[in-house]
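Asker: Chains V and P, in that order, are what the protein sequence lines are. All residue numbers for the first sequence refer to the working numbering, where the first residue is 1 and numbers rise by one. All residue numbers for the second sequence refer to the working numbering, where the first residue is 1001 and numbers rise by one.
Hints are computed from structural coordinates only; laboratory data are not their basis. Since this is a predicted model, take the numbers as computed values, not measurements. No residue lacks a Cβ here, since even glycine has one placed at the ideal position from N, Cα and C. Treat the hints loosely; a few may be bogus.
[To be verified] Calculated cross-link-like contacts (lysine-lysine; reagent style PhoX-like; alpha-carbon spacing at most 25 Å): (1) K153(V) <-> K1037(P); (2) K211(V) <-> K1026(P); (3) K1026(P) <-> K1139(P).
[To be verified] Now the in silico label distances, taken between C-beta atoms and shown as ranges: (4) D1266(P) <-> D205(V): 30 to 40 Å; (5) D205(V) <-> E1043(P): 49 to 59 Å; (6) L1281(P) <-> S137(V): 50 to 60 Å; (7) L281(V) <-> L1229(P): 17 to 27 Å.
2 protein chains.
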Amino acid sequence: MIVDVSKKILIVGLGLLGGSYARVLKRFGFHISAITKEQSSIEYALNEGIIDEGSTDLDEKIIGGADLVIFALYPHVFVEWIKDNQKLLKSGALITDVTGVKRSIVYKIQDMLRTDVEFIPAHPMAGREVSGVENSSDKLFSGANYIVTPTEKNTPEAITTCLELGRLLGFSNVTTLSPQEHDEMIGFLSQLTHCIAITLMTCNDKENMEKFTGDSFRDLTRIARINDLMWSELFVANKDALLNQMDMFMDKFKELRAMLESEDIDAMRKMMRHSTERRALFDKK
Amino acid sequence: MIVDVSKKILIVGLGLLGGSYARVLKRFGFHISAITKEQSSIEYALNEGIIDEGSTDLDEKIIGGADLVIFALYPHVFVEWIKDNQKLLKSGALITDVTGVKRSIVYKIQDMLRTDVEFIPAHPMAGREVSGVENSSDKLFSGANYIVTPTEKNTPEAITTCLELGRLLGFSNVTTLSPQEHDEMIGFLSQLTHCIAITLMTCNDKENMEKFTGDSFRDLTRIARINDLMWSELFVANKDALLNQMDMFMDKFKELRAMLESEDIDAMRKMMRHSTERRALFDKK
C-alpha cells in the first residue's frame, strides 16, 4: 500500500500524538477517523476539523473501513486491543503505532495478528509536557526523529509506506532501526535521562532551594515533570536495556566520585574534556 | 561605604563576569579600571568604553586608587593575589569577589587580610558556556541570583554595600547565606548537576547516538560542555559538600534501580508524582 489520499486512516487513541497525526494528515486531504475513550476528545477534533468522524465505541464501520490504522495507546492497552478487536480490521489493512518501546510489544503483536493484516512498528520521537488532543499541534514533528523498527515478518512495501508516513508527518529525520537497537538507544537517550531527572528532583528535600535555582538545574529537571502511569509502564517494558544503561551511568558516576575524593584533578579534567568534545557532536544541526 | 558614583571601582580579572560587571557599572557613571592578564582584553574594553583605564601590570596608581575592588579570578589565583599584593590596596578599600565556592577561600582571605581593608564575599550566580570579556553582556544578570556570604568579621555597612552592588548590577534576587549554606546549596544545584551532565555525556560511547538525540538528552547535557580548569578546581574546593550531594543522588538512584528491577510500579509512580510536584516549585516565576 502506498499512502495516497484515497486511503482511509483511523487513529485509535486521540491524545497529544494521535491528535497531532490527525492535524497533519487531514491537511493532505485524507479521510481521518478516530476511536478514543472520551467523547469530549471526539467533539474537540470534529470542531477543529481534524477528523471526519469518530466514536468512543468499537464502531465496526469505522474500523472495518480503514486502510491504515495508527495506534496511539499505552503499550498494554494496544496489545489488549489487538487481542480483543483485530477481527474488526479490514483484510489487507496496514497497522502501525507510536509506542516508545519496541521489543516487548512488536513480537507479541506480530505473533498474534491475523495473516491478512500487517503491523509495521514505528516510534515518533516527539512529545510535550502536556497531553490530550487539545494540546496537539501540526508543528510537533519538525526537528524530530521518526524511527521505523521492522522485523523479518514485515514486507518491503509496508516498510516503505511507514517511512513515507513519517516524512508526510513532517519529521526531520526518518530512519529504521531493529527493535533491539531502538530499545538500547531509547534506554540511554530517553529513559535514562528521565531516571536521572526524577532522581535529582527527589534526592534532596531541603527547603528554599528553588530560590537559588539557576538554568542548569532547571534544564536537568525539566523532564522531572512526568506522566507516572505512562513512564512506569515504559520503564518496565524496557527493563533489561534500561537497567543496563543505569549501571553504565552509575559506574561512570562512581569513577568521578573517586577522582574527586582523591583530588585527582588530572583525571577530572580529562573526563571533562572528553565530555566537552563529545557534547559538540550532539549540538542541533 | 555606600556605593555612589564618585567611588572608583577596580575589576581584577576582566573575563566574562568581570567584563559584564564593567559594562553595567560604567553605565551608572562610575570610574572603572581593570587589571587583567591579556593586553587584548584591556584594549577591547577601552574600545567598548566599558573601562576608563586598565593594565596588565600591578599598576600601583590604579590599585591604590580604588575604593571598591572586585576580584573575578580563579579561587587559588585570588588567594595568591591577596597574599602577594594586598599591600597595594588603599586603606579603607572594600573588596569583594565572584568565586563560586565560599568556605575554602573566605576564611583564608579574611584571616590574612590587612585590618584596614574589608573583604565581603559574594557569588553572582550567572554564567555562559563561553568566556572572555568579548562575550560579556549587560544582560547577563537579569533573572539571576546574587548571594552575599558574610562572616562574623564583616561590618553591617559592608554587607549593605555588597547587597546594593548586586541590585545595581541588575540581579533579580539579591540575598545573603552563610558560607556553609552557600556551599551546600551550590554543591547540589550547580556542582552535582555538572557531575551528572559530564557523566551522562561520557558513560556510553556508542556511535551515532547523536542522530536520535531529542530535547531531553540535549537539556541534560548542555552543561557537559565545561571549562575543565575552572570546574575541577571548584569541585575540589567544595569536596566534602559535593561528595555528600553525590552520595545522596546515588542512594536515590539505586532506590529507583531496585524499584525497576523488582517491577514495583507503585513505588516508581509514587517517586514520579513526588518529582512532578516538587518540580512545580522550581518553575521560573
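Asker: Please go over all the hints and tell whether each is borne out by the structure.
Answerer: Outcome of the hint check:
Straight-line distance between C-alpha atoms of K153(V) and K1037(P) comes to about 67 Å, which puts the hinted pair past the 25 Å bound. The suggested pairing of K211(V) with K1026(P) is violated, with an alpha-carbon distance near 29 Å, which exceeds 25 Å. Under the criterion of a C-alpha separation no larger than 25 Å, the hint pairing K1026(P) with K1139(P) is consistent with the structure, at around 14 Å. Here the CB-CB span from D1266(P) to D205(V) is close to 20 Å, at odds with the stated 30 to 40 Å.
The given range of 49 to 59 Å is respected by D205(V) and E1043(P), whose C-beta atoms sit roughly 50 Å from each other. Checked against the hint of 50 to 60 Å, the pair L1281(P) and S137(V) fails, with Cβ atoms roughly 28 Å apart. The beta-carbon spacing between L281(V) and L1229(P), approximately 22 Å, falls within the hinted interval of 17 to 27 Å.
In summary, the structure is inconsistent with hints 1, 2, 4, 6 from the numbered list given earlier, while agreeing with the others.
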